Structures are given as C-alpha cells and as structure tokens.
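> As given, the protein sequences belong to chains A and B, one line each in that order. Take the first sequence: its letter number 22 is residue 22 in our numbering, and every next letter is one higher. One rule links them: number in our numbering = place in the second sequence (from 1) + 1000.
Read the hints as simulated data drawn from the structure, not as lab findings. Computed from a predicted structure; not experimentally measured. Among the hints, erroneous ones may be present.
Only pairs whose alpha carbons sit at most 25 angstroms apart, straight line, appear in this in silico PhoX-like list of lysine-lysine [claimed, not checked]:
id, chain 1, residue 1, chain 2, residue 2
1, A, Lys73, A, Lys5
2, A, Lys226, A, Lys32
3, A, Lys140, A, Lys177
4, A, Lys126, A, Lys194
5, B, Lys1877, A, Lys86
6, B, Lys1165, B, Lys1065
7, A, Lys119, A, Lys194
8, A, Lys5, A, Lys188
9, B, Lys1877, A, Lys10
10, B, Lys1877, A, Lys140
11, B, Lys1877, A, Lys217
12, A, Lys123, A, Lys194
Facing chain B, from chain A, some residues (calculated, C-beta under 10 angstroms) [as the list claims (entries may be wrong)]:
id, residue
13, Pro98
14, Thr99
15, Leu108
16, Ile112
Note that the Cβ used here is the ideal one computed from N, Cα and C, for glycine as well.
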Amino acid sequence: MSVLKANQVKKQYQMGEVTVSALDSVNVLVNKGEFVAIMGPSGSGKSTLLHLLGGLDNPSDGEITLAGQPLSKLSDNAITVVRRRKVGFIFQFYNLLPTLTAEENIGLPLLIDGQSLDKHKAKIEKLLALVGLADRRHHKPDQLSGGQQQRVAIARAFVNDPEIVLADEPTGNLDSKSGTAILELLRKTCVDLKATIVMVTHDPHAASYADRVIFLKDGQIVRELKNETAGHNVQPIMDVMAGLEL
Amino acid sequence: MTFWNHFPFLIPFFLAVRNMRARWMRTLLTCAGIVLGVAVILAISITNDSTLQSIRDVFNEASGKANLIVQSSTADGEGFDESITARIRSAEGVLTAAPSVQAMTLLTRDAQNWQMEFSINGQAAGNRLMIFGVDAQIDPGVRQYELAAGRWINDEAYEAVITQKYADDKGLTVGDDLDILTASGRERLRIVGVIADTGAGVINDGVIAFAPLTVAQDLFERGGDVDQIDVVATPDTANLPTDLADLKAKLSARLGKGYDVLYPASRGQLVTQMLSTYQSGLSFFSVVALFVGAFLIYNAFSMTVLERTRELGLLRTLGMTRFQVLGLVLAEALVLGLIGSIIGIGFGVVLARGLIWMLGAVVATSVNTLTVPFDGLLKSLFVGGLVTLGSASWPAIQAARVSPLEALRVQGRSRTRVRPAVWLSGLATLIGAWSSLYYIPWPRTISFYVGQVSIMLLLFGAVLIVPGVIGIAERVARPAARVAFGNEGLLGAGNVRRSPGRTSLTVASLIVGLSMVIANSSLATAFTHDITSWVETALGGDMYVRAPLPMREQFERQLAAVPGVGGVTKVRYFNVKVAGARSSGVSQLPSEAADQDTIFFAAIDPLTYREVGEMQFTAGQGEPDALWARLRAGNALFISTTVAERYNVKQGDTLRLVTSRGEHDFYVAAVATDFTGQGNIVTGSWADMRRWFSKTGVDRFTIKIASGHTVAEVQENIEDRYKDTRNISVETTQEFKRKILELTAQSFRLFDVLGLIGLVVAALGVINTLMMNVVERQREIGGLRSLGLTRWQTTKMVLAEAAALGGIGGVFGLAFGYVLSHVFVSALNSLSGYNLQYIFALSTFISGAFIALVVSQVAALYPAWKAAGVNVVEAIKHE
Chain A
1 MSVLKANQVK
11 KQYQMGEVTV
21 SALDSVNVLV
31 NKGEFVAIMG
41 PSGSGKSTLL
51 HLLGGLDNPS
61 DGEITLAGQP
71 LSKLSDNAIT
81 VVRRRKVGFI
91 FQFYNLLPTL
101 TAEENIGLPL
111 LIDGQSLDKH
121 KAKIEKLLAL
131 VGLADRRHHK
141 PDQLSGGQQQ
151 RVAIARAFVN
161 DPEIVLADEP
171 TGNLDSKSGT
181 AILELLRKTC
191 VDLKATIVMV
201 THDPHAASYA
211 DRVIFLKDGQ
221 IVRELKNETA
231 GHNVQPIMDV
241 MAGLEL
Chain B
1001 MTFWNHFPFL
1011 IPFFLAVRNM
1021 RARWMRTLLT
1031 CAGIVLGVAV
1041 ILAISITNDS
1051 TLQSIRDVFN
1061 EASGKANLIV
1071 QSSTADGEGF
1081 DESITARIRS
1091 AEGVLTAAPS
1101 VQAMTLLTRD
1111 AQNWQMEFSI
1121 NGQAAGNRLM
1131 IFGVDAQIDP
1141 GVRQYELAAG
1151 RWINDEAYEA
1161 VITQKYADDK
1171 GLTVGDDLDI
1181 LTASGRERLR
1191 IVGVIADTGA
1201 GVINDGVIAF
1211 APLTVAQDLF
1221 ERGGDVDQID
1231 VVATPDTANL
1241 PTDLADLKAK
1251 LSARLGKGYD
1261 VLYPASRGQL
1271 VTQMLSTYQS
1281 GLSFFSVVAL
1291 FVGAFLIYNA
1301 FSMTVLERTR
1311 ELGLLRTLGM
1321 TRFQVLGLVL
1331 AEALVLGLIG
1341 SIIGIGFGVV
1351 LARGLIWMLG
1361 AVVATSVNTL
1371 TVPFDGLLKS
1381 LFVGGLVTLG
1391 SASWPAIQAA
1401 RVSPLEALRV
1411 QGRSRTRVRP
1421 AVWLSGLATL
1431 IGAWSSLYYI
1441 PWPRTISFYV
1451 GQVSIMLLLF
1461 GAVLIVPGVI
1471 GIAERVARPA
1481 ARVAFGNEGL
1491 LGAGNVRRSP
1501 GRTSLTVASL
1511 IVGLSMVIAN
1521 SSLATAFTHD
1531 ITSWVETALG
1541 GDMYVRAPLP
1551 MREQFERQLA
1561 AVPGVGGVTK
1571 VRYFNVKVAG
1581 ARSSGVSQLP
1591 SEAADQDTIF
1601 FAAIDPLTYR
1611 EVGEMQFTAG
1621 QGEPDALWAR
1631 LRAGNALFIS
1641 TTVAERYNVK
1651 QGDTLRLVTS
1661 RGEHDFYVAA
1671 VATDFTGQGN
1681 IVTGSWADMR
1691 RWFSKTGVDR
1701 FTIKIASGHT
1711 VAEVQENIED
1721 RYKDTRNISV
1731 ETTQEFKRKI
1741 LELTAQSFRL
1751 FDVLGLIGLV
1761 VAALGVINTL
1771 MMNVVERQRE
1781 IGGLRSLGLT
1791 RWQTTKMVLA
1801 EAAALGGIGG
1811 VFGLAFGYVL
1821 SHVFVSALNS
1831 LSGYNLQYIF
1841 ALSTFISGAF
1851 IALVVSQVAA
1861 LYPAWKAAGV
1871 NVVEAIKHE
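Generate coordinates for the entire structure from the input sequences, incorporating the hints supplied.
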C-alpha cells in the first residue's frame, strides 16, 4: 500500500530571466514500511524533491499524494495540518528549540497540535527509551552532544505517529560513529515502529541502510537500486554515484 | 570602489552605508529612535526659548527703544507723580523720557459676559482691554507704532488707536467709538487709527488701546500719576554698556529711594520665574526620551555585530586590525547619528510648533516667534551624535574582539549572557540615587541639578537590575502566556530568556517609558487633588463676584444684604517687592534674586474671611484662632509654602517688603498652602494694605450661600440687582474649579506628550528586538513550520513573546512608576515649596498596564507578520 506518491512532478524556479528546472517529470512511489534513500550529486534536485514530498513547497506541475490525500487541492493551512499530523521531519541541523528540554522537544508536535504533554507521557517515555535518552530527558540541547540532539530529533519525528518520516541529510552534521548510530536507530524504527522513511543523503554508507535507493541527476530519476543483501553493501551504490558524477 | 580608492580613509563609511542599506529595516528603526530623541530635545529647547522670548518680546516691545525704565519701587501698580519726568530729561546722557500710564478695563458691551480667564501665570493676558496712556508727541520716538489705517492720536483729545487684531476681533474700525468702562462709569474714545500687530501692538496680547496720557489719567482718576517712564539714552551713552550703567546709577541717585531704574530686560522677571520650574521639568522629560532612544541604538548595534561575526572574522583574516574594525562600527554609528540628528532637527522644529501651541495655551499668551536657538541646534546635533556613538561604543569594542577563527564557524549563538556584576551594580546605583534624593542635604544652588541626575541614575539603576530578574519574571509570565495564547504562548514566552541582554534592554526601555508616564500622571493627580482641596477650603465660598475694574469696598454691604447670601469677604491682589528676609536673626535673599523679588500680595479681611473659607496652614504652627488673631493685629503675613521655601523663612521670622512708605518688616504669622501665582504669594490684612500700600478697591468678593438657599438662586439675585449697573461677573466655585483643573490638566498634557514619545521609542525597541529574533531564528521558525505550526500559530507565538516582554516591562514599569511618582512629588515639593501629597490612583496603574500590553502587541504586528511569512524551504536551509 502506497503512503506517498509523486506523479509527473516538476519544479521550476525563476532566476532573473532564466527558468531553472530543478525537477523534471519525477515519479516516486513509497510503500508503507519502506526505507527509501534519495541520492544524487550536488544540484540534482534531491532536497527539492524531499521538500515537495513533505508539502513544504508546491510543485510547478504534477501531483503529490500523501496518505491518499492530493496536496495540490489543499490550502496552505490544510497542508500544514497534514504535515503536523502525518509527516515527521528530521533535519541535518536538528532544529531543536534551545529553550525546551529533550522531553519537551520530543513533544513539540503535540504542543503545536494544541495537546497537553501530560496526556502523552507514556508515548514520550517509550520514544526516549527507543532513542536511549531516558536519563537525559531534562537536558536542554546545549547540554547534549550532536548525536544525542539528532536522536531527540528522531524521537520527535515519531511522536505524532506519522504516516511517513522525511529525513534531510540526518548524518550530515555528525561524525562517522554518531552517524552510524543514527542510521542504526532509523533502521530500528522501521522495524519496531513499522515506520516509512524517505531519506535524502549524499553518503553512500547512509544510503546502504535503506531498502531502496533512488538516484537523481539534473532533476530526473535516472536509476533505482534495491538493497536486497543484508550487511549494508555500499559498493553498488558508490558505483552508481561515480557514474552519475562523470 | 574607484572613488574610495582615492579616499581610503573613507572606506569604513562606504562599508557602513552598504551595511545600513542591506539591513534597511533595522537602520530605519534605529534611526527613528535617534530622530525622536533629538527631535524632543530640540523641540523642548525651542519651545522654552520661544515662549520666554515671546514673553520678553512683549516687555521689550512695550519698552521699544528705551534703554532704561523708571518705575515706582513698590511695584504695586500705584504709580508716581509725573513731575519727575522733567528731572529725568534734564540728566546728562538722556535723549528723551516718555511717561505712560496703564489701566485695565473692558468694552461696555463685553462687560455683560465677561469672566476672568486664567493661565499658569495668573490672569490670562488679553482677558481685559489695556488702556495705555502715552505722550502723543514723544512716545512714537520710543515705541514702534506701524499705522495700518487712520492716523496717530493727538494729545488731550478723547481718541484712541487700537491694534489690527483687536479691531478684527471686535469688529471695530476707524471712526467707531471705543465705549469703555471707567471708574466713573462709561466713557467713549473715538478710534482714529489702527496699528499693525507688531511693535507696541503685541502688548497685552494685542488687546490694547493707546490714548493720550492726560485723557487716560482723567478717565481712570490717576490725577498726575504715571506708571512708568521709558528713558532713551543718547547714542553715545546707549552704545557703551559702562556708560549706560553709569546713567542708570546716576538716575537712581537723582530720583531717590522711591524709584527703581531698571533695564528693560529685567522686566517680566516674575513671569519667567514662574515658568522656570515648569520648563525645567519639560527639559528633563526630553532627556529621558533620548535616554530610551540610547537603548534602542545599543541593541541594534549589538545585533548587527552578532550577525556580522563571520564577516568581521573574515575581515580580520584578510588583515583588518582590531582598531580598524572598531572604526568600522563607529563609522556606521557616526553616519546613523548624523542622519538621525539632521532628520531629528527637522522633526524637532515641526514638533516644536505643536508644543509651542500647547504651552501658549498654558501661559495664555500667543507665542508668535519660533526661536530656533543656534546653540540648541548645535546641542541637538552634538547630543544625537554623541548618544549614538556612546551607545554603539560597547558593541564596537566587542566587534573589535572578534577573532579571525569566527570566519570558519557556523553562525554564532545569540545568547548574550549578562554577568551578575551588571545587576549588582544596578542595585548599588539605585541605592546611591535614592540616598542622594532623600538623605543628602545638597546646597540649594545645585539641588535641582543633582536631583535631575539622581532621577536619571534611578532610571539607569532600574535598567541594570532587569537582567537579574528577567529569568524569574519570564517563568511567572509563561503560565499567563499559555492562558492567553495557548501552547504558542509557551513557545513565545520562553523565547524571552534566550537573549537576556537584548531582552533586558527592551524591557528596560518599556520600564523607563511607562514609569515616566505613570509618574507624570501621579504628579497630576496629586496636584489636582491638592488644588481642589485648596479651592474648596482656602478660597472657599460658593461664588465669586468680580468686575473688570476694582470694585468699591462699600459694595460688600450691598452684597451681604442680597437674599440668600450667608457671608461675604473681599480680596485685593497686587504686586509687591521683597527686600529681604530675616530668619533666626540672619538677613537673606536667595542668591538668584534679581535685586529684589516681585511676588503677589493678597489683602483680605481677617474677620469676614473665615465666614467663607479657611487657610490651609501647615502642621505644627498652633491653633488657627491664634494665627488669625496675630494677622488681625497687623504688620503680619501668612506666607505660602513656596515663599517660605524660597526665602527660607518660617513662622516667627520676618519678611521685608517694599511699601509706599519704604521698606517694612512684616512678621510671618503662619505658613499656608497657596497655589495663587504658582505659590509666589503672601496674604496680609486689609488694614495693612491701606496703611502700607495706600490701596483701595476690591478685585473679588467671595460669597457663601446661606442655608436653605441654592447657588443658582443667589447668583440670579445678585445678577438681577447689579450686573448691569456695576458690570460684575458672578462665577460659581464649581465653574472656577473646573477652569483651574482644566488649566492644571493642560499644564500636564505637555508632559504626557513627552512621556508618550518615550513610549513610542520603547515600542520601536520592541519592534527591533522582535525583528532581530525573527531573523535570528529563521531556521527555527522554518523547522516549526515544517513540524506543522501554521502561519496563524506562528503569529501567535511572536505576539506571545511580545506580550511577555510587555507584561514584564509593564509590571516592573508600574512598580518603578510608583517609586518614581513619590520621587517626583517630593522633587516638586522641594523645588516649588508646595506640600503635595502622593495619591494612589488605581486608574493610573490600570491605564499603565493597558498601555504596556497594547504597545507590545502593536509593536509585534510587523515582526509577527514577517515570521508568519517565512519561506519554510529557505528558512530550513538558512544558516
């Protein structure tokens, strides 16, 4: 069953007198429980695609359907509410609120939805345990390491039981050890929470954790690779990337 | 860049202008703060100078070319024999001497509806028609008369020349009759000419008619008396100050003790003296507005430096020295200060027009000249530039400390920690300022200036304390924000603590602005309360009977016989000079006294006065019966608290006055509250007035209604009997009170305007801070929007942050306003000698709280709109 569908999606930007095509007739289908990575060289349109999939931006043409709902038919407010309730976001730079504790940052989407955190204590507990930060619940972001902050961000992404989680270079700001731990965690959520994850990355190692890798070049999908072997086989991914960058 | 290659020393200015353009919104807001601060300083300077100049102009125009003026030394308006004119004319160095007489009256047709109007100086100028009797041949050589129609008067003829303004107001023209009231009834003068509203035409606000001297003397039963002689010196004498001073001394010696020989400039001393306290208060408020502007500038430059940390690090990497970086930031401050000051000067002139109009209403004088003092302009430019440079200096030093490594870092954190030393020094400043105000007995000559500095230090201390309490305050504000704004309130209020330095300054500026408004309002409340009490107690009675000309004393008996009248008492006011004061055996005059001080003398009948009212004696002076008995016994005075303060005299001391029989010591029987003439008044018995000042005639009868009768009934009875025959006006105490309270309210309105300008500057600070916060948290806002925060929720979050700022600023502003109110009341008491009591008015504080919240919400509208409009995609890419 598909959770997210992009049908003939185009995105163009006007840069002065020049029209730049960031995406050109892209079709993507993500099924429930899948972990999909989107890769491509710089300027290939991967972040643009992620933003469109999350309703953060509007396509110039084509349709994005999220949990059965075509986004083009919704107002800005309605898209925002869909984002709030059905999508989880993980950013490269974490984007935690410095004035809130780890626990409060995790519950932030609930607060935005007008709910009291007290009512969701058990869920937040579970997520803290999942990301291994139960003993850091009262710490503020400036009291946590980069890896710990990203784990808080991951827990936050799942607090509203989203249909899909979109991750934009989640390991881009971490050292390799922390990054691996994050990727392990993402993989774990896929299994334990039956989450559906779409991750943009330029790192073949990160992409190797995904079930499927979509390759973009110059705004078009040029290749898809299924990771059927266990053990994170990076080589095939690197080969494709090398070919794209030539 | 080619141009700058030739002038490399100007490159910092080039970079400064570029930076200002790139951050145009912040530049605009910062500039607005400087503009308002400078505008207010200049506007008050212009207003004060123009008003004083206008008042001086009136006296100068009245004197025309005269280099000296001869008056009676008693200053009580009784005049002197004109025969001394010949003695003056015969003195060496005198070119001519022009005698004149002045009398106040009304057109007969105006007498029916005439009511006394008041100003801060007493009776309003132009309330009655002045008949100025002059020597028709000589006077045009002294005063300037610009004929607009008709001709000049001839000596001995019953004719007059009026001003264009009066002619237009009254619908009179050449050939009409000036039908006026005189001591003996109605008289007519033929209008033969109209003069322009310049020169002598500005006297008494243009409500003046010039008639031949002998005719004026005849009409007003002055015999051979004149009120003043204007002396024009020969050109040789006039051109040399030392020679003129010699002539002055010679004339004084020749004429003897009963005459004063003065420079024209020293006239109007009583009027300018009464204004001086008021004007000093205005100046002080204007300085506070600039003080608030300084916070805005500091905050803006701090943020600029923070935003440009990487850029500054890059410049350092490329070889710019610390000193050059310092110069870069100061160059921007200089450019901004200059632009702001220049615009501020323009705006200040515009603002001055409005303030002059308001002050003119208070002093009841047409202030026709807008005097832009050159030193005021320079001062404003200098102050604007200095304040900007001063406020930007610490951010400039911080900028100079940025290391080249900053170029390689991601955007630095905005948290500006505030060390405990800051708020501890704030506490110390508060304690020091408080001690200075209440516990250190400063010498009188400097106490006013020290008081102003102490109040500024109080404000500064409050500002420094804010960082120490902002954390606790935010925790208290957060639940309230949640109630008002939901969960968005939690997010918004929490942001208040993130930049304690920046937030503290914004809150501090709100505190200063709000506390000044509250303190001014409290002062007005105290004043209104006390003046109401004084009107009801001391002036007493239920109605006042007045006439354009002094009334006969015998009229008192006739009034007493009117049905419904329970009691009647009479009052006469005139000027008197203070020659000295003796306190505990020590003779003294205040060091700032100009030869002799002129104050008011109120002559009352001690027997009948108590039937209608009672003096408000200060405490601890004994039983009122004994005090009144002493006044009745003669050679005694009740003095006002202002006079007591000014001359440092108390009950039992003596005050020496210049009388028509020479200087005489009067015993101070008691000190009492009196607001007449801004408190520059003494009260003596009717018998003493007749004995020492040879005066007769009544200015006002105060009437108490007998029980069982109404005010309206008795008013009608009196008017039916006497309005037409005696041209009286009857005014109830309620009407009089209303006028006085309206005048009081008008007087404080100017301060309200200045206080509100301070709040506007504080609001600009709120806008600036919130805009900085929005810009700084672009990525965070983008993240929140990604998580599902709608645009409206984003707006609410920013509004909640502003409400938290406004709430914290409001609570502290109200508290500090309460403290400052007490300080202001004490300060005014100390300056003026009044004995005002602080009155807590809940409405003032409720209004203050409302203002704080409204200001913060209105100021937040634009930043909230910007935050809601943040492009999510751009924001999450933002570094």
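> Now, for every hint given, state plainly whether the structure supports it.
Verification of the supplied hints:
{"no.": "1", "hint": "A:Lys73 / A:Lys5", "in the structure": "holds (15 angstroms)"}
{"no.": "2", "hint": "A:Lys226 / A:Lys32", "in the structure": "holds (16 angstroms)"}
{"no.": "3", "hint": "A:Lys140 / A:Lys177", "in the structure": "holds (22 angstroms)"}
{"no.": "4", "hint": "A:Lys126 / A:Lys194", "in the structure": "holds (15 angstroms)"}
{"no.": "5", "hint": "B:Lys1877 / A:Lys86", "in the structure": "holds (22 angstroms)"}
{"no.": "6", "hint": "B:Lys1165 / B:Lys1065", "in the structure": "holds (23 angstroms)"}
{"no.": "7", "hint": "A:Lys119 / A:Lys194", "in the structure": "holds (23 angstroms)"}
{"no.": "8", "hint": "A:Lys5 / A:Lys188", "in the structure": "holds (24 angstroms)"}
{"no.": "9", "hint": "B:Lys1877 / A:Lys10", "in the structure": "holds (21 angstroms)"}
{"no.": "10", "hint": "B:Lys1877 / A:Lys140", "in the structure": "holds (23 angstroms)"}
{"no.": "11", "hint": "B:Lys1877 / A:Lys217", "in the structure": "holds (21 angstroms)"}
{"no.": "12", "hint": "A:Lys123 / A:Lys194", "in the structure": "holds (15 angstroms)"}
{"no.": "13", "hint": "Pro98", "in the structure": "holds (7 angstroms)"}
{"no.": "14", "hint": "Thr99", "in the structure": "holds (4 angstroms)"}
{"no.": "15", "hint": "Leu108", "in the structure": "holds (6 angstroms)"}
{"no.": "16", "hint": "Ile112", "in the structure": "holds (5 angstroms)"}
In summary, the structure agrees with every hint in the numbered list given earlier.
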